[in-house]
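Number of protein chains: 2
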Amino acid sequence: MNFKAEIDIMPLEAILDPQGKAVTQSMGNLGLNEISNVRIGKHITLMVDASSENEANEKVDTACKKLLCNLIMESYTFTLTAQ
Amino acid sequence: MNFKAEIDIMPLEAILDPQGKAVTQSMGNLGLNEISNVRIGKHITLMVDASSENEANEKVDTACKKLLCNLIMESYTFTLTAQ
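Respectively, the protein sequence lines represent chains A and E.
Numbering follows the numbering used here, with no gaps: position 78 of the first sequence is 584.
Numbering follows the numbering used here, with no gaps: position 13 of the second sequence is 519.
If we strip away everything but chain A, and leave its shape as in the complex, we get (with noise of 0.2 Å):
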């Protein structure tokens, strides 16, 4: 079965995230004050061929531990839809 998996990654909470600092300051001088807290992450999205919905999990949860995410700074999150 194919699978399509989205997964979010953000920059933890405790982290400064000087891109979204960036950001929230340009919402100002577009006239958009009131948007603030902007913070940046990755949108990545792969499909995964698996016998079933669990083992499609771990393959993902093995690709964000070892390739996608950096777990000191970033956390993630996916979801997982069958095609």
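Hints were generated in silico from the structure; no laboratory data involved.
Since we're looking at a predicted model, the values are computed, not measured.
Just to be clear, a hint being listed does not mean it is correct.
When chains are identical, the list treats them as one kind, so a pair holds in a single copy or across two.
[To be verified] Okay, derived cross-link-like pairs now, DSSO-like style, lysine-lysine, Cα gap no bigger than 27 Å in a straight line:
| id | residue 1 | residue 2 |
| --- | --- | --- |
| 1 | Lys510 | Lys527 |
| 2 | Lys571 | Lys548 |
| 3 | Lys572 | Lys510 |
| 4 | Lys510 | Lys548 |
The hints should help you fit chain E onto chain A, whose structure is shown.
Here is chain E on its own, set in the frame of chain A:
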């Protein structure tokens, strides 16, 4: 009212995503050959202060169009949750 927006910005399907291609290859090197078609975009969260969900929707849409998303190469979707 305060709303939290979760924005996903992805490269358009028609556009080559070299970062995603590189990550797809690395998956093979890690023994995760079942993972394919990795595409990498941005996940942005922000807070928006607005009197109604409609107004919040409009503000976030403006922010995406004017600042966050390059519409020539990327597409965006977002969801709003009242806080």
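| Unmet hints by their number, sorted upward, for this structure | none
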